[in-house]
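Asker: Below, each chain spelled out in residue letters.
Protein chains: 4
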Amino acid sequence: MSVTKICMVGAGRVGKLQAGNFQRYIPGGEVTALVDTSEPMLKDTGEQFGIEARFTSMEVALDKGDFDAVVITTPTPTHKPLSIMSAEKGKHVFLEKPMAMNLEECDQIMAACERNSVHLQLGFMRHFDPDFVLAYERIQAGEIGEPMLVKSLTHGPGLPPPWARDLRTSNGNLAEVNSHDLDATRWMVGSNPKRIYLEVANFKGDERGVDADHYYDNMIANLKFESGALGSISGVCPCDYGYDARMEIIGKKGIMIVGELKGHALTVGVDRETGLVTPIFQRWPQRFFLAYIHELQHFMESIRNDTIPKVTGIDGRWAVAGVLAGTKSFLEERPVLLSEVM
Amino acid sequence: MSVTKICMVGAGRVGKLQAGNFQRYIPGGEVTALVDTSEPMLKDTGEQFGIEARFTSMEVALDKGDFDAVVITTPTPTHKPLSIMSAEKGKHVFLEKPMAMNLEECDQIMAACERNSVHLQLGFMRHFDPDFVLAYERIQAGEIGEPMLVKSLTHGPGLPPPWARDLRTSNGNLAEVNSHDLDATRWMVGSNPKRIYLEVANFKGDERGVDADHYYDNMIANLKFESGALGSISGVCPCDYGYDARMEIIGKKGIMIVGELKGHALTVGVDRETGLVTPIFQRWPQRFFLAYIHELQHFMESIRNDTIPKVTGIDGRWAVAGVLAGTKSFLEERPVLLSEVM
Amino acid sequence: MSVTKICMVGAGRVGKLQAGNFQRYIPGGEVTALVDTSEPMLKDTGEQFGIEARFTSMEVALDKGDFDAVVITTPTPTHKPLSIMSAEKGKHVFLEKPMAMNLEECDQIMAACERNSVHLQLGFMRHFDPDFVLAYERIQAGEIGEPMLVKSLTHGPGLPPPWARDLRTSNGNLAEVNSHDLDATRWMVGSNPKRIYLEVANFKGDERGVDADHYYDNMIANLKFESGALGSISGVCPCDYGYDARMEIIGKKGIMIVGELKGHALTVGVDRETGLVTPIFQRWPQRFFLAYIHELQHFMESIRNDTIPKVTGIDGRWAVAGVLAGTKSFLEERPVLLSEVM
Amino acid sequence: MSVTKICMVGAGRVGKLQAGNFQRYIPGGEVTALVDTSEPMLKDTGEQFGIEARFTSMEVALDKGDFDAVVITTPTPTHKPLSIMSAEKGKHVFLEKPMAMNLEECDQIMAACERNSVHLQLGFMRHFDPDFVLAYERIQAGEIGEPMLVKSLTHGPGLPPPWARDLRTSNGNLAEVNSHDLDATRWMVGSNPKRIYLEVANFKGDERGVDADHYYDNMIANLKFESGALGSISGVCPCDYGYDARMEIIGKKGIMIVGELKGHALTVGVDRETGLVTPIFQRWPQRFFLAYIHELQHFMESIRNDTIPKVTGIDGRWAVAGVLAGTKSFLEERPVLLSEVM
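Chains as they are written, first to last, in the numbering used here: chain A, 1 to 342; chain B, 1 to 342; chain C, 1 to 342; chain D, 1 to 342.
Treat each hint with caution, since some may be false.
The following residues of chain A were derived to be distant from chain B, with all beta-carbon distances above 10 Å [said to hold, decoys possible]: (1) 43; (2) 232; (3) 283; (4) 333; (5) 342.
Restricting the straight-line Cα-Cα distance to at most 20 Å, the calculated cross-link-like pairs of lysine to aspartate or glutamate (EDC-like) are [what the hints assert, rightly or not]: (6) 253(D) with 143(A); (7) 80(A) with 52(A); (8) 5(C) with 30(B); (9) 262(D) with 271(A); (10) 5(B) with 30(C); (11) 262(C) with 271(A); (12) 262(B) with 271(C); (13) 204(D) with 146(C); (14) 328(D) with 211(C); (15) 5(A) with 30(D); (16) 262(A) with 213(C); (17) 253(C) with 273(B); (18) 204(A) with 30(B); (19) 252(D) with 146(C); (20) 204(B) with 131(A).
No lab work stands behind these hints, which were simulated from the structure alone. No experiment lies behind these values; they were computed from the predicted model shown. Note that the Cβ used here is the ideal one computed from N, Cα and C, for glycine as well.
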């Protein structure tokens, strides 16, 4: 099998996870270059995964590195320049969510990829999770009938990094955490969101030293889809108790519940007062372990076979639109139509 | 043990359920009179449970019947007259939810009960469900910390009766089905709702011959509580797949999940393609079997010991307020403060 | 409804549980007399449940008490004299398991009840547990086909009382704890046991000061039924972790799993390292809460309607036979046919 | 990373599964040769996975093929010659369970591997299943205390092939299906089995045309370990309902339950009468998907780093000993000490 050469852009948490996945689980791809602006992280991650070619600049990497595709795992504001630059050099682009800061950036990224005939895949890995995939297929087959109501949640354990808490450098938790839900509800319902209403709350900001304007750590979004279906998304981050990503879809015929809190088929009872104990998914890499592997294998296959990835810039753009409308909603304390921001 | 004599008001579904519970499970109470405007139902239910004294009019029942308390299970618009009439005759009142059509009625009911020194208990039976009670106690004990976000759902299998589908004779599903959630979220969070936003949809009305104005069979409510906590309530009725009532509460320390869809600890696998099958709660009497018994036992004890019931008119009134604000929200397509209707 | 008057024989754990159930949940029965050889327990239990007529002797109770039936909850060696004495005075007999010490006693008890035309019901409450009942009905309906293999377990939390640990005054855990499994597997499979092989182990005896000969706290029984079906029963007592009673039946068409460890539909997560926590059934009264109520209601109905109880001396006798063969098996280290002891 | 070249011996079900795993998930190994006595299967599997070098004889493969290690997935009677032949040529050996037909063969295989300094890993993949591994680690850490009792089951959906049903060409289901349990209970308990008693039954043989002597499709084994712990293993094959592999371990402090029947975190309810439906593991490759990948990655690492695999011939030999004693037990209808066959 031909092996696709990859430049991993970003040597942080996601970069490490995906470099490790290429090394351990993906015969079809090999990380041959690593980019990060931080020298120590570059060294640390590079050594851990035996990546010799390390660069502190994307420009230099594109100039001197030997690779066919980039996997971009850096903070949101960098997505546009890094992906456009890579596309212009003919590299296929795998881009982490959220796609970009706004719709203009999304459009520019898509245009650059199209112009240069490179594939663009978005990092919505739920499309590659065995449970979500099975749910999707069974909904498509009509098992629960036309979707009427969908509920999705992503609750993450830890405090996001400073750039992700500030509405000037990211679009907050709705973007960084709940983009997945905006995408996944649209995917499952099979309809675009039409209206969103968002309530937010800040319960832990003070005690954790967050003073960013409009910071929130809890949110509930109310959605109306073009099909008439209703939706609800909850976001709690930091939730401390683990990583939690579940969905319920009610169709005209019935209900489907996707995912569960527990992280292992293991139950322990050693104390009658406490009761039974079961491991929880502690972090996202555990919950979506296989999905992270399969999304990259899919990207490799899309390149190898020259087929369009299942998750593209269009999906990324819709999620960004939902983020923008949702943010406007809580700031203006009213329901906002997506058409207002698109 | 002294036995409290009960007049069951309403010989329909709830009346039958509770008459049966008195007969089979509640030594402390005995149904000695039955009231219903429908002669056939009166006869049918009366014979089934051996209740000799049957009346088509509350006035006559109060005049001629021998009882200490009434259990009112009739449609919402009758709640005010029936309960006030009973209170005026010194009868203790157990009143099914929703308490009444509006806040004025609630106030009049409460005033009548107070004036006549009779107890008033509302039929929010979740306060007597073993799982909900345990959840409440553990939240009170601080196990998950201060509640930040609560999600509650009630999905019922069958089409509500005509009077319950029409905003002129009831307040629709938000009142008839989701009153329980408005009450239970307030109970668990320990704070009054402050603002509500409601999205509704009508997916099955046409095919089931419902042409009432503003009819909806799906709803998602977004709540903000006085404490700052957020909430979400979903209602689907008819949902067809069973009776579904669950809750999730996320506090500053962690998560609590209350209830489950399955109706028995029984799993069957006879076909690899289908997989495993587990009975579901088919109707509300199954899901809240013990709660329906325990709420009446509590009412009996409140009368016997002259103590204030755990669920009173105040709880009923808050749920009605939430219903009124929620209805206004979807009609006006904007978030509504409860203070606008109170 | 006519009320059956009950003499509760035994004021200990089971006596208290069942006296409480009559008082709170069973309108059809009233405990009007209490018997126990221990004055303090008699007083304690009598006062707790308002039972005025208290006796330290069954003879005196039968002579002076006013009751229609007895509920015998005393240690196994007392079962024969107490039940025969009661039957001779025309009292219906509800008898806790194990029925007796040996088959001769069983036969004498049954003969006495028959001779005096009184009903005899055995305390195998699993026949009244909603999950076990549903399993039985579905197996009878052919859902999983002919039973091929059944596994049943009862693990109890606490050290049994001294008389129950000694093979001279009881038949050990196989009788006191796992009688239920011997009965329930026979009931579900619909066939009598034919051969049994038992392995036992003593892990905690020393550290808990048990020096009875042949004491064991762990056992695994291997069963062959007359139908050709296989079975397995495990017993662990004290198991410390809670009360555990579950069953799995594999039929020619499929599998059925009955019961679960967890004691509430409540899940809590407050610590990522620990994971999720769910209450366990801590003791048998929690696990079989409804079954204990329903078995007594059934006894009341059998008396009221003069119908034969669903669980009789025949079931009790088969369980005793299984106990005797199983005990012989581990003592002689070989499989034992039930025909050897019957 | 250096890539280890593999000769896949056996082009059937397991051969295909593992060739596919190398291709899709294991960068460290590459199947460069394929051996099978059946030309059509050789062609079929070879083409499916792009393996050019195909051989109908192990001798020729060893002579002409280019590989470092063999993965032997052929029927049990072939294990000894194929593995010894490979070891003699210096190839590392991965050998599917059961290791061999008897202990002499086991000893010869181990001696050949040792003599030629090649690694020998047995295909007990449960040692690489995330849930089993976690259970093992937590037991080792003392969480449930010293194991007192272990229950393990493997129920498989389909009728085994003819050679596996005949005691002359295999050791029956105890070997082919329940070897895993014999191994896994020994692993978890941390003690060797000392005595075994086996009951068997034949429920489906006639209707499926099996007339082999001593054929059984249901079995229950009773175990006593050297440590004093007790054990139970159930085997049902064909069970039809799915693939089922679970374990429960009770230690002095508590219980641990490993594995579950359900194959996805997906629950569907579309019919109140049926209730909830959840996918089951349909076949073993689904249940142990990751374990099959991880056992081969471990084998690759053992070769690359020259370390002893976690599962060796010693484990394989103990399972064979358990099989021989268990078979003797049901044939002679008595408990058999493992020392009688070792």
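Asker: Give a verdict on every hint.
Answerer: Consistency of the hints with the structure:
1. 43: 38 Å, holds
2. 232: 5 Å, violated
3. 283: Label holds. Min Cβ-Cβ 16 Å, cutoff 10 Å.
4. 333: 7 Å, violated
5. 342: Fine: 19 Å to the nearest Cβ keeps residue 342(A) off the interface.
6. 253(D) with 143(A): Cα-Cα ~45 Å, so violated.
7. 80(A) with 52(A): 26 Å, violated
8. 5(C) with 30(B): Given that 20 Å is the threshold and the Cα spacing comes to 19 Å, the pair holds.
9. 262(D) with 271(A): 26 Å, violated
10. 5(B) with 30(C): Satisfied, since the Cα-Cα distance of roughly 19 Å is no more than 20 Å.
11. 262(C) with 271(A): 13 Å, holds
12. 262(B) with 271(C): Roughly 26 Å separates the two Cα atoms, so the pair is violated.
13. 204(D) with 146(C): Given that 20 Å is the threshold and the Cα spacing comes to 11 Å, the pair holds.
14. 328(D) with 211(C): With a Cα-Cα distance of about 36 Å, the restraint between residue 328(D) and residue 211(C) is violated, given a limit of 20 Å.
15. 5(A) with 30(D): At roughly 19 Å apart (the allowed maximum being 20 Å), residue 30(D) and residue 5(A) satisfy the hint.
16. 262(A) with 213(C): Cα-Cα ~45 Å, so violated.
17. 253(C) with 273(B): 13 Å, holds
18. 204(A) with 30(B): Judged against 20 Å, a Cα distance of about 52 Å means the pair is violated.
19. 252(D) with 146(C): 36 Å, violated
20. 204(B) with 131(A): The given pair, whose Cα atoms are some 28 Å apart, is violated under the 20 Å limit.
In summary, the numbered hints that this structure violates are 2, 4, 6, 7, 9, 12, 14, 16, 18, 19, 20.
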